[in-house]
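A.B. asks: Listed here are the chains, written in short residue letters.
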Amino acid sequence: AQSVTQLDSQVPVFEEAPVELRCNYSSSVSVYLFWYVQYPNQGLQLLLKYLSGSTLVKGINGFEAEFNKSQTSFHLRKPSVHISDTAEYFCAVSWEAAGNKLTFGGGTRVLVKP
Amino acid sequence: EAGVAQSPRYKIIEKRQSVAFWCNPISGHATLYWYQQILGQGPKLLIQFQNNGVVDDSQLPKDRFSAERLKGVDSTLKIQPAKLEDSAVYLCASSQAGTGGINEQYFGPGTRLTVT
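Protein chains in written order, with my numbering: chain U, 173 to 286; chain Y, 10 to 125.
Since the hints were derived computationally from the structure, they do not count as laboratory data. Treat the numbers as computed from the prediction; the structure is a model and nothing was measured. Where a beta carbon is used, it is the ideal one built from N, C-alpha and C, also for glycine. It cannot be assumed that every hint is accurate.
Looking from chain U toward chain Y, a few residues come up when the C-beta cut is under 7 Å (computed) [what the hints assert, rightly or not]: (1) A259; (2) F262; (3) K273; (4) F276; (5) V282.
Generate coordinates for the entire structure from the input sequences, incorporating the hints supplied.
C.D. replies: Printed below as a string of structure tokens:
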């Protein structure tokens with residue numbers, strides 16, 4: 173079965189510092205890649221997505237991610253975080269061969285400290 | 010544009026009781042999804058509807074879970090009887106026509122179920 177791994181379950185970071193959240197998946201054949209954010213007691217909100225084209229994808233709230241086919245990774249980055257970025261972040265992959273269903277990673281909780 | 014609506018937001022029941030969740034997708038969205046999100050884990054797809062037909066229910070525990078989407082709009086997810094391990098947040102999502110993952114899924118706020 174296809175899988176998505178988020179290597180860090182929690183990432184503490186100081187305000188205005190950069191952050192990188194790592195995501196790896198099991199196969200790079202015909203994939204679509206997503207990052208979602210979940211604020212407390214809310215549903216998931218799409219941050220960005222890679223469907224095709226440029227491997228560097230820019231999303232909302234200053235986030236960006238890079239698709240690396242050879243390393244089967246899709247790491248999320250932000251150069252300077254704000255307190256409001258405190259949330260849980262989920263990487264999700266859709267494999268064309270699996271009917272394009274979303275498979276989520278386990279999530280990374282980002283805690284931004286003042 | 011109104012988002013995906015879910016109710017109730019919170020529910021506490023005892024094991025062996027039954028419970029039902031309701032979802033109203035974004036108007037015009039043909040595809041509807043139910044996910045289970047256990048604390049500390051990512052969402053797991055339970056069932057996917059295209060209009061009022063089931064596309065995928067391979068991960069739905071059919072001995073206790075059931076879902077329907079009459080008329081291809083609203084959907085209900087039922088658990089009967091509930092077990093302790095069913096404690097989770099149940100998320101509903103919808104997307105435009107087609108079952109492709111490239112169609113962005115919009116998520117509701119979820120229903121937090123606690124089984125005691």
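A.B. asks: Work down the list of hints and note, for each, if the structure agrees.
C.D. replies: Here is how each hint holds up against the structure:
no., hint, in the structure
1, A259, "violated (14 Å)"
2, F262, "holds (5 Å)"
3, K273, "holds (6 Å)"
4, F276, "holds (3 Å)"
5, V282, "violated (15 Å)"
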